Amino acid sequence: MTTPKEPTSLYDAPPDFVFDPSRMASMMTRHGHGGWLGLKYRDHGEGWFELELPWREELVGMPESGVLASGPIISMMDNATSMAVWTRTGKFVPHATLDLRVDYMRAAVPGRDLIGHGECYKLTRTIAFIRGVAHDGDIDDPVAHVIGTFMATHGTYL
Amino acid sequence: MSHQNLPPYAEALGIAMDHDESGDPVLYVDFSDRILGRPGFLHGGALSGLMEMAGFAALRAELGRRGEEMRIKPVNIQVEFMRGGTEQRTFAMGKVTRAGRRVALVNVEAWQDDRNKQIALAQMKFLLSPAEG
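Protein sequences appear in the order of chains V and U. Read left to right, the first sequence gives residues 22 to 179 (the working numbering). Read left to right, the second sequence gives residues 119 to 251 (the working numbering).
Chain U extracted, bound-state conformation:
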């Protein structure tokens, strides 16, 4: 899991793997001016970006456990912003709720200093297809 490669976008923002929580990768990003939205708060888009990375990572981890090589295509994402993210480290973790042959659903939660106080929830849907070659 920890050797899952994160794309240039994630690296540029400082998104990195923190640890595994019972097989699900937990990603984090430290606060910086690069992800600042309104003064003092995390930008909702940057937060969504972190959550998407966590959603992808969770799905890749799940497919990896099954030993399946699949192409993953995002269909949509719905993000609920529950609390303004403040100037501190933010975590995100995805949970695969359903991954069939063709469609996968992943729930993602994001939090900061209090694991039980989510700042945002997201639901992502992916289309799966057999990897070519």
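Isolated chain V, as found in the complex:
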């Protein structure tokens, strides 16, 4: 018996692929940009998904203070909200980020891991509306808020 080769991305997955958030997360956190960032899966539920971004020197945006660059925060939130969409559809739908707005409440504390909580709050046939919060332990003291949209590129969400 041969075990099928584990796809490195959902986009390589067969059409009948059942969306499995934790399996999906392990692809995303091992390969490409998510892999380089060191993103880790935390938790998920219907319509939400959480990732973690461990602090490391290479991700620093302000060398004098050790504060994380905002690029990694955007990337984590892009991925967490993207996955949140699929926890809501219950299936994998190829999509692309249309827009993303990030509001920075405060600088991330140097040395502290960041948590990205992503939510999909509304689906239409082709647009997914998302929002999310990045924090370092206390969601009531957020580092950043994000809001944005994804568009289904092949097929529809509903």
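Hints were generated in silico from the structure; no laboratory data involved. Being a predicted model, the structure only gives us computed values, none of them experimental.
Straight-line C-alpha distance at most 20 Å; calculated SDA-like pairs for lysine to any residue:
1) V:LYS112 with V:TYR142
2) U:LYS243 with V:PRO163
3) U:LYS243 with V:ILE168
4) U:LYS191 with V:ARG122
With chain V's structure known, arrange chain U on it following the hints.
Okay, now just chain U, sitting in the frame of chain V:
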């Protein structure tokens, strides 16, 4: 301008200064697995990261021309993704549209092989305050 230092994040991704376009620094990043999103495409977050670096660089250049030492704090960024970035070199350049005493607005565009076909646009807002010491 070219001696503006880029942070560890930029260096790790290979983001570097390309040239000046009438005083505005043009940054670039070569494609690698480190910035790969969905197969064959640039990750939107990595692209946003490049654009943010370009936005910061444009604002520092503008403040430098004015001879002002200011602390720069990002307030927010809005990114519009217009085309999927493919496996090639990506450029980004910021333009300061308004820099007053306290608030600065910077527009950033990103493109690949065709300068006239932007793959993304971003608008960034910064809070400015006098540098201490």
